[in-house]
Amino acid sequence: MKVHPFNKRISPKVVRLEDNEKSYDDSDDEHDQQYVSKAALNAKAKSLLSVRETLPVYQNSDVILEHIRGNKVTILIGETGSGKSTQIPQLLLQEATRGGIKGAIAVTQPRRVAAINLATRVAEEYGCNVGSTVGYSVRFDNRTHATKTKLKYLTDGMLLRELMLDRKLKEYKVVMIDEAHERTILTDLILGFLKHLLLTTRPDLKVVVMSATLQAEKFSHFFENAPILFVEGRKFPVETFYVSQACDDIVDATVRCCVQLNSGEQLGDILCFLPGQEEIDKVVDILNKVSDHLGAGVPRLVALPLYAALPPAAQTKVFEPVSGFRRKIIVSTNIAETSVTIAGVKYVVDSGLRKCKVWRHQLGLSTLLTVPISKASAAQRSGRAGRESAGKCFRIYTEQDYGRLPDQSEPEIARCDVTAPLLMLKQLGVADLVNWKWLEHPGRDAIVQALQELYMLGALDDAGNITSDGRTMALLPLAPHLSRVLIEAHKNGCLSPVLDIISCLSVENLMLNPPPELRDDINARRLAQCPRGSYYGDLIMLKELYDLYVQLSSPHDRKHWCAQMAISARGFRSVIKVRAQLQGYVNSLKWHAQTTSIPLPADKAEIANILKSFLTGFPKNTAIGMPDRSYRTTLHGETISIHPSSLLFSASYSVSPIKELPSSRAPAILYTEYVFTVKGYARCVSRLELEWLQQLRPTALSKQAL
DNA sequence: GAGCACTGC
1 MKVHPFNKRI SPKVVRLEDN EKSYDDSDDE HDQQYVSKAA LNAKAKSLLS VRETLPVYQN
61 SDVILEHIRG NKVTILIGET GSGKSTQIPQ LLLQEATRGG IKGAIAVTQP RRVAAINLAT
121 RVAEEYGCNV GSTVGYSVRF DNRTHATKTK LKYLTDGMLL RELMLDRKLK EYKVVMIDEA
181 HERTILTDLI LGFLKHLLLT TRPDLKVVVM SATLQAEKFS HFFENAPILF VEGRKFPVET
241 FYVSQACDDI VDATVRCCVQ LNSGEQLGDI LCFLPGQEEI DKVVDILNKV SDHLGAGVPR
301 LVALPLYAAL PPAAQTKVFE PVSGFRRKII VSTNIAETSV TIAGVKYVVD SGLRKCKVWR
361 HQLGLSTLLT VPISKASAAQ RSGRAGRESA GKCFRIYTEQ DYGRLPDQSE PEIARCDVTA
421 PLLMLKQLGV ADLVNWKWLE HPGRDAIVQA LQELYMLGAL DDAGNITSDG RTMALLPLAP
481 HLSRVLIEAH KNGCLSPVLD IISCLSVENL MLNPPPELRD DINARRLAQC PRGSYYGDLI
541 MLKELYDLYV QLSSPHDRKH WCAQMAISAR GFRSVIKVRA QLQGYVNSLK WHAQTTSIPL
601 PADKAEIANI LKSFLTGFPK NTAIGMPDRS YRTTLHGETI SIHPSSLLFS ASYSVSPIKE
661 LPSSRAPAIL YTEYVFTVKG YARCVSRLEL EWLQQLRPTA LSKQAL
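One point on numbering: in the UniProt record's numbering, the residue at position 482 of the first sequence is 482, and numbering is uninterrupted.
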């Protein structure tokens, strides 16, 4: 075995981690709301104080407060471990109770779990129950009190939702944007809107942007050269090594690196970063096989995969410590870079690659590309080795290659579909989107394309102003296309089944990909249990699955059925939550329609109404069957294939279970997703009749809508 | 007859 020597050393890069990251938990049940007595709370808070006093932010509190008091906007570089997310909000809270600040403090987070954990921690430190003075607000879980809560942790999506209901954010005196360097679309939008507020109706608002080092200048520049404050973190050194020559087989190189590291370094777990599931499964497999052939003086290897699509039970395994003369190797996607923190990691192996979804706005399709990471990402990954003690990071790329990496990854807004963000801005009263002060301009083409899309969906009128339907669409927690479908379903009198289907569509990874050996069995079961779906396609299949699921009464039966059907049980529990939330929204719209769920009617016209409702939301996502059995897209005439994960794909190879609905190729198809891998694939596919396409509004498919 | 990084309302 040829071994690449890790002989080049650079100055240790040091990063320490926050305590606010995801604790991986299978149960998504809300925690018990326990009221703890004042005395017990005070005792707990007192015991935590000594730890807090050692935090860098705490020690520099006077300087930080002075800056925030003296400036409208403060950019704060709080290195990880500085205590910025927990301590600064508390300093401001104390100031507020002394009368220095009137109004509440909002702290945004990109992830739900972070918001919940931070609020819980800070409430303990402050000596109150969560939901009183300190609270949080995330989707499906609001623990705030209308008048008592003075410090609110919330997801950035939630703050935007609040913005839509109250454009001035009257409730707040201070808004802190945490993890701003991650540059999610939502944070970008919030920052743009805060800038707008400061210049117009809320010059009194205090804004604190918390970020990692590399983006601080950009934020400062965006906010008229706001001062940048630097607070050091507590950190352990991480030594970084590079390979001396580039390698083309990343799986092989990762395995070699782990084996070499295992025999040469003291005990401590290894965390490997690879781009995707395929590479991860290969590496795990090889490492576990290699482990049996290691020499006597060398620890055995326990390799474990980690990626989001993994069943929860397999995910929790990575947190269990291994005992004896063994070394745990976690082989992970980007999920371990920000979303998940694993204790015990002393070594990091970094492939320098990640997968990135890129939206092609001209084509309306998405592709998943493997791309090099940024320098910021590389630092974040290596930092995972220095959480508990000094660590080492092995980069499977050369130092020259590192030098060529971009400083930052391209912000999300530059590579995503901006239809939903633009509708949000329109709802917030931004008339001129092209000249809106973007932190990062998504590009004129992307904006024009998205505006056309919104016009086509009836969210904007000829003048580009938001319509009343558009306002409804912006308020629903759905992609604009799905909101359109819901409005249409109401007109077509099929709101209830469409609510069921849309709830299923809103949950990622609901339908699992069965392993190859089970694939035929699972497909057969899905076909047998969804006779109408076998004919009408995946949307109707989802409704049939929904009906089957809710008929099962015990959690045990539901879990068992999900396993049988290769459906995520956890996912289906979310479906029920989403369904309830959407029903709440719809009821508040006073549509006076049936919203509670009822079983799918047998009537053909009713099913046609459901599919026609979806057609109105996705007129571009249609294709027509050709004599050669291929499908061509309605808009551009490109060849598109039904993805093998679709029920219509399996159905074309089997006999229909219902006599009245004999198997026949769909004359036209509707799909909710268009992805390009080796060729163009339609995913989540339904059957259309040709005349339904002809009945579409003429504007629906026009290319020059604006 | 195919593969899918990660969030958020």
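I should point out that these hints are in silico values taken from the structure, not numbers from a laboratory. Wrong hints could be hidden among the right ones.
To be verified - Distance condition first, Cα-Cα at most 25 Å in a straight line; then the derived DSS-like pairs of lysine-lysine:
(1) 375 <-> 491
(2) 168 <-> 148
(3) 317 <-> 282
(4) 355 <-> 235
(5) 170 <-> 289
(6) 577 <-> 620
(7) 491 <-> 317
(8) 195 <-> 437
(9) 148 <-> 44
(10) 72 <-> 355
(11) 620 <-> 357
(12) 437 <-> 170
(13) 170 <-> 72
(14) 577 <-> 604
(15) 491 <-> 357
(16) 170 <-> 195
(17) 355 <-> 491
(18) 317 <-> 289
(19) 437 <-> 173
(20) 235 <-> 282
(21) 46 <-> 170
(22) 355 <-> 282
(23) 173 <-> 218
(24) 195 <-> 72
(25) 173 <-> 148
(26) 168 <-> 577
(27) 218 <-> 195
(28) 148 <-> 38
(29) 102 <-> 173
(30) 590 <-> 559
(31) 72 <-> 38
(32) 72 <-> 235
(33) 604 <-> 590
(34) 590 <-> 577
(35) 659 <-> 604
(36) 218 <-> 72
(37) 679 <-> 491
(38) 102 <-> 218
Every value quoted in this text rests on a predicted model; they were computed, and no experiment measured them.
Going down the list of hints, with the structure as the test:
no.	hint	in the structure
1	375 <-> 491	51 Å, violated
2	168 <-> 148	20 Å, holds
3	317 <-> 282	18 Å, holds
4	355 <-> 235	29 Å, violated
5	170 <-> 289	61 Å, violated
6	577 <-> 620	30 Å, violated
7	491 <-> 317	48 Å, violated
8	195 <-> 437	8 Å, holds
9	148 <-> 44	21 Å, holds
10	72 <-> 355	38 Å, violated
11	620 <-> 357	20 Å, holds
12	437 <-> 170	22 Å, holds
13	170 <-> 72	16 Å, holds
14	577 <-> 604	29 Å, violated
15	491 <-> 357	35 Å, violated
16	170 <-> 195	15 Å, holds
17	355 <-> 491	41 Å, violated
18	317 <-> 289	19 Å, holds
19	437 <-> 173	23 Å, holds
20	235 <-> 282	34 Å, violated
21	46 <-> 170	33 Å, violated
22	355 <-> 282	17 Å, holds
23	173 <-> 218	24 Å, holds
24	195 <-> 72	10 Å, holds
25	173 <-> 148	15 Å, holds
26	168 <-> 577	30 Å, violated
27	218 <-> 195	14 Å, holds
28	148 <-> 38	16 Å, holds
29	102 <-> 173	6 Å, holds
30	590 <-> 559	35 Å, violated
31	72 <-> 38	36 Å, violated
32	72 <-> 235	31 Å, violated
33	604 <-> 590	28 Å, violated
34	590 <-> 577	21 Å, holds
35	659 <-> 604	14 Å, holds
36	218 <-> 72	17 Å, holds
37	679 <-> 491	37 Å, violated
38	102 <-> 218	30 Å, violated
Comparing the model with each earlier hint shows violations of hints 1, 4, 5, 6, 7, 10, 14, 15, 17, 20, 21, 26, 30, 31, 32, 33, 37, 38; every other hint is respected.
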